[in-house]
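Turn these sequences into a full structure, and let the hints guide you.
Which chain is which? The protein sequence lines are V and R, in order. Take 5 as the starting number for the first sequence in the numbering used here and just add one per residue. Take 10 as the starting number for the second sequence in the numbering used here and just add one per residue.
No lab work stands behind these hints: they were computed from the structure. Just so we're clear, the structure is a prediction, and the values are computed from it rather than from any experiment. Just so you know, even glycine gets a beta-carbon here, dropped at the ideal spot from N, CA and C. Some clues are possibly wrong.
[Stated by the list, open to error] Computed spacing ranges between beta-carbons, pair by pair:
no.: 1; chain 1: V; residue 1: 32; chain 2: R; residue 2: 217; range: 34 to 40 Å
no.: 2; chain 1: R; residue 1: 129; chain 2: V; residue 2: 26; range: 29 to 35 Å
no.: 3; chain 1: R; residue 1: 25; chain 2: V; residue 2: 15; range: 18 to 24 Å
no.: 4; chain 1: V; residue 1: 15; chain 2: R; residue 2: 203; range: 32 to 38 Å
no.: 5; chain 1: R; residue 1: 58; chain 2: V; residue 2: 23; range: 26 to 32 Å
no.: 6; chain 1: R; residue 1: 72; chain 2: V; residue 2: 15; range: 31 to 37 Å
no.: 7; chain 1: V; residue 1: 23; chain 2: R; residue 2: 49; range: 44 to 50 Å
no.: 8; chain 1: V; residue 1: 29; chain 2: R; residue 2: 97; range: 22 to 28 Å
no.: 9; chain 1: R; residue 1: 154; chain 2: V; residue 2: 26; range: 22 to 28 Å
[Claimed, not checked] Chain R stretches covered by chain V per the calculated footprint, using a threshold of three residues with CB under 8 Å from any CB of chain V:
no.: 10; stretch: 26-32
no.: 11; stretch: 36-49
no.: 12; stretch: 58-69
no.: 13; stretch: 75-85
no.: 14; stretch: 188-198
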Amino acid sequence: MRRGFGPAVSNRILRFGGVSFSPADVPGLALWLDANESATTYQASGGARCGGR
Amino acid sequence: MRVLRPIRQAAARAAADGDVLGYWMDKSGNAKHASQDTTSKKPTRRLVTANNKTFWAARFDGVDDAILSAVTVSQPSTIFAVAKVTSGAGDVFDGQSASNRHLLRPGSNIIHAGASLTTAAAGTIYAVHAAVFNGAASKHRLNNASLVTGNAGTQDMTAGMCIGAGLSGAQEFLNGEVVSVLVYSGEKDEATQTAIAGYLASIVGISL
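Here it is as C-alpha cells:
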C-alpha cells in the first residue's frame, strides 16, 4: 500500500514504439536514489554512517 | 525456553511534505542506501510543482544538510542527477575523500574528479545533468545537450558519495533540491544517455 500523498512515479516509461524503459535496464547501475517513492525514504537513518558529515 | 527478543521498531517513512530525510533507499539493488544520523543535517522531502508537474524532491538547506552513500565507482563512470539550485554554488554530489572525487556543482556548472571541467552556469531551474568522468575525455551534458568535453581529472570515487554537499567546506553545501541520482560504472553511449535523460526529464516535466 502506498502511503503519503502526491504523485506516484513509475520505475518505467514507454518510449517511441511502445518500448518500456527503466534506468535499471542499463548495465552497470551502482546507485539509484529517487525522491518520488515514499517506500524508499525514511525519517530515521536506520543504517550505519559513512563518512564524516 | 522461549527467548524474548526486543521488537525492532519500524522507521517512519518520510511520506509527508516537509518530513526530514534520514535514510534514502538505493533502488539499484546494491544496498548503497544513503543516510544521515544528525537531525539538523537531514534534508527534507518536499512536494514541489514546476513545469506543470508535481513531484517530490530532497531539499538541502545550503548550511549543513548532506546525506551519504557508500557507493563506489571507478572511471570511466556516468552519473545522472536531476537537481535545482536555489542559490549559490553548492554541490549536488561529491566523493567523500579529497583524492576520490566525483563532483557536480550546477551553480557554476563544474564537474570535477581531480580537475575542474567548467562551462556556463545552469541557472536556478530543474535540470537533468549527465556527468561522464573519463579523464581528458570527460563530458557534461545538460538536459541531454552537450555542454562541454574535456579534462575533469582521473580520480575514481572509491570512498563513498556525499549528496547535497562537497568536500571543501561550507560554501559547497547545496542550497537547492535533488530529485534523483543515478550512478553507473562505464561511459554510457549517447543513445543510452538519451534514454536515461528522457526518463528523468519526464519526472520533472522537462521536454528534451
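Taking the hints in turn, this is what the structure says about them:
| no. | hint | verdict |
| --- | --- | --- |
| 1 | V:32 - R:217: 34 to 40 Å | violated (22 Å) |
| 2 | R:129 - V:26: 29 to 35 Å | holds (32 Å) |
| 3 | R:25 - V:15: 18 to 24 Å | holds (22 Å) |
| 4 | V:15 - R:203: 32 to 38 Å | violated (18 Å) |
| 5 | R:58 - V:23: 26 to 32 Å | holds (29 Å) |
| 6 | R:72 - V:15: 31 to 37 Å | holds (33 Å) |
| 7 | V:23 - R:49: 44 to 50 Å | holds (45 Å) |
| 8 | V:29 - R:97: 22 to 28 Å | violated (36 Å) |
| 9 | R:154 - V:26: 22 to 28 Å | holds (23 Å) |
| 10 | 26-32 | holds (count 6) |
| 11 | 36-49 | holds (count 10) |
| 12 | 58-69 | holds (count 6) |
| 13 | 75-85 | holds (count 7) |
| 14 | 188-198 | holds (count 9) |
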